[in-house]
Amino acid sequence: MKKPHPHIDRIFKAIADPTRRSIFHALVIAGSAMPINEVAERFEMSRQGVTKHIKILEAAKLIQIHQRGRERFCMASAQPLKSISQWLQFYEQFWDQSLDRLGQHLDGVD
Amino acid sequence: MKDVLTKEKVFNHGIDKVWRAISRGEEISKWFIQADFKPEVGYEYTFTATEEHGGTKISGTVLEATPYNLKYTWRVGDTPVETIVSWHLEDEGGQTKLTLEHSGISKFGEETAIEMFEHFNQGWDACFTTLKSYVNNEETAPAH
Numbered sequence: 001m002k003k004p005h006p007h008i009d010r011i012f013k014a015i016a017d018p019t020r021r022s023i024f025h026a027l028v029i030a031g032s033a034m035p036i037n038e039v040a041e042r043f044e045m046s047r048q049g050v051t052k053h054i055k056i057l058e059a060a061k062l063i064q065i066h067q068r069g070r071e072r073f074c075m076a077s078a079q080p081l082k083s084i085s086q087w088l089q090f091y092e093q094f095w096d097q098s099l100d101r102l103g104q105h106l107d108g109v110d
Numbered sequence: 001m002k003d004v005l006t007k008e009k010v011f012n013h014g015i016d017k018v019w020r021a022i023s024r025g026e027e028i029s030k031w032f033i034q035a036d037f038k039p040e041v042g043y044e045y046t047f048t049a050t051e052e053h054g055g056t057k058i059s060g061t062v063l064e065a066t067p068y069n070l071k072y073t074w075r076v077g078d079t080p081v082e083t084i085v086s087w088h089l090e091d092e093g094g095q096t097k098l099t100l101e102h103s104g105i106s107k108f109g110e111e112t113a114i115e116m117f118e119h120f121n122q123g124w125d126a127c128f129t130t131l132k133s134y135v136n137n138e139e140t141a142p143a144h
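Same order as they appear, the protein sequences are chains A and B.
At position 27 of the first sequence the residue is numbered 27 (our numbering), and the sequence of numbers has no breaks.
At position 16 of the second sequence the residue is numbered 16 (our numbering), and the sequence of numbers has no breaks.
Since the hints were derived computationally from the structure, they do not count as laboratory data.
Because the structure is a prediction, the values reported are computed rather than measured.
Please note that the accuracy of each hint is not assured.
[Stated by the list, open to error] For each label pair, taking beta carbons as the anchor points, the in silico distance ranges come out as:
#, chain 1, residue 1, chain 2, residue 2, range
1, B, R24, A, Q97, 19 to 27 Å
2, B, G93, A, D96, 18 to 26 Å
3, A, D100, B, L63, 20 to 28 Å
4, B, H88, A, T19, 38 to 46 Å
5, A, E41, B, T56, 45 to 53 Å
6, B, T99, A, M75, 39 to 47 Å
7, B, G77, A, D107, 29 to 37 Å
8, B, K30, A, E38, 55 to 63 Å
9, A, K61, B, Y43, 36 to 44 Å
10, B, I84, A, R70, 49 to 57 Å
11, A, G31, B, R24, 42 to 50 Å
12, A, Q48, B, D36, 51 to 59 Å
13, A, E41, B, K9, 49 to 57 Å
Even for Gly, the Cβ is constructed at its ideal location relative to N, Cα and C.
When you get a sec, could you build the whole thing from the sequences and use the hints?
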């Protein structure tokens with residue numbers, strides 16, 4: 001089997017773990033940057049433990065980390081969702097063109 | 001994010017002619033894509049794009065095929081994403097109004113990030129065997 005693209009590797013590694021999925025969900029739902037300490041509290045984990053998960057999510061570009069003063073904030077990244085809207089745009093065009101071709105086909109056959 | 005992509009188009013042709021064009025394999029192959037398709041519920045169809053479009057295969061199961069409703073699942077290549085395409089025809093005084101719906105898109109919408117992960121999980125099961133080894137090397141258990 002062909003080895004997947006390294007970035008896909010990282011995404012799959014990131015989401016293969018249920019805790020990391022929960023962290024990402026919490027950040028998506030929060031809709032804003034959350035201090036790492038708060039994430040740790042919410043998941044009843046050590047700061048060290050949560051940092052490890054967050055680094056793996058960051059490597060997959062599923063979250064972004066910003067330093068503000070002494071606190072580090074993490075935020076879910078919309079990038080995976082953007083690819084979905086591109087998918088929608090692709091099919092908009094795909095079906096328009098296909099139905100045009102259907103029209104031409106019908107006009108040509110009797 | 002919306003769940004359904006809808007297209008409407010009126011054709012200046014009778015409803016049965018349009019129905020044949022969308023539901024018979026040999027006709028679908030003429031205007032749409034090379035098709036192994038039968039309008040029978042449960043039929044596992046395959047569409048194959050031309051080489052210039054990468055030879056991509058689209059496959060799925062026919063869910064409904066009663067004039068004038070046609071519905072099938074739609075899976076591109078070996079991706080784990082399954083969406084649903086449905087066609088509905090209405091007679092409008094000799095013309096035919098076609099309504100096409102492609103649904104399931106919002107499975108990946110922002111409000112259902114959970115389902116997005118479900119999708120990734122299925123993908124995990126389906127094809128990324130090369131990843132298993134290094135996930136197993138972690139101290140945390142894999143998703144399943």
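Worksheet item: Within 36 to 44 Å or not, the Cβ separation of K61/A and Y43/B?
Response: With Cβ atoms ~40 Å apart, the hint holds.
Worksheet item: Honestly, do K30/B and E38/A meet the 55 to 63 Å range at C-beta?
Response: Given range 55 to 63 Å: holds, Cβ gap about 60 Å.
Worksheet item: Is the distance from the Cβ of E41/A to the Cβ of T56/B consistent with 45 to 53 Å?
Response: 47 Å, holds
Worksheet entry | Assessment of proposed distance window 20 to 28 Å (beta carbons of D100/A, L63/B) | 26 Å, holds
Discussion item. Can you tell me whether the CB distance of R24/B to Q97/A sits inside 19 to 27 Å?
Written reply: 21 Å, holds
Worksheet item: Per the hint of 18 to 26 Å, is the separation of the Cβ atoms of G93/B and D96/A within bounds?
Response: About 25 Å separates the Cβ atoms of G93/B and D96/A, which means 18 to 26 Å holds.
Worksheet item: Taking the beta carbons of G77/B and D107/A, is their distance inside 29 to 37 Å?
Response: 32 Å, holds
Worksheet item: Can the suggested window of 39 to 47 Å be confirmed for the beta-carbon pair T99/B and M75/A?
Response: Distance hint for T99/B, M75/A holds at roughly 40 Å.
Fill in: Assessment of proposed distance window 49 to 57 Å (beta carbons of I84/B, R70/A)
50 Å, holds
Worksheet item: At the C-beta level, are H88/B and T19/A separated by a distance inside 38 to 46 Å?
Response: For T19/A against H88/B, whose Cβ atoms are near 44 Å apart, the range 38 to 46 Å holds.
Practice prompt. Kindly confirm whether 42 to 50 Å is satisfied by the beta carbon distance between G31/A and R24/B.
Written response: 48 Å, holds
Worksheet item: Does the Cβ-Cβ separation between Q48/A and D36/B fall within 51 to 59 Å?
Response: 55 Å, holds
Comparing the model with each earlier hint shows no violations; every hint is respected.
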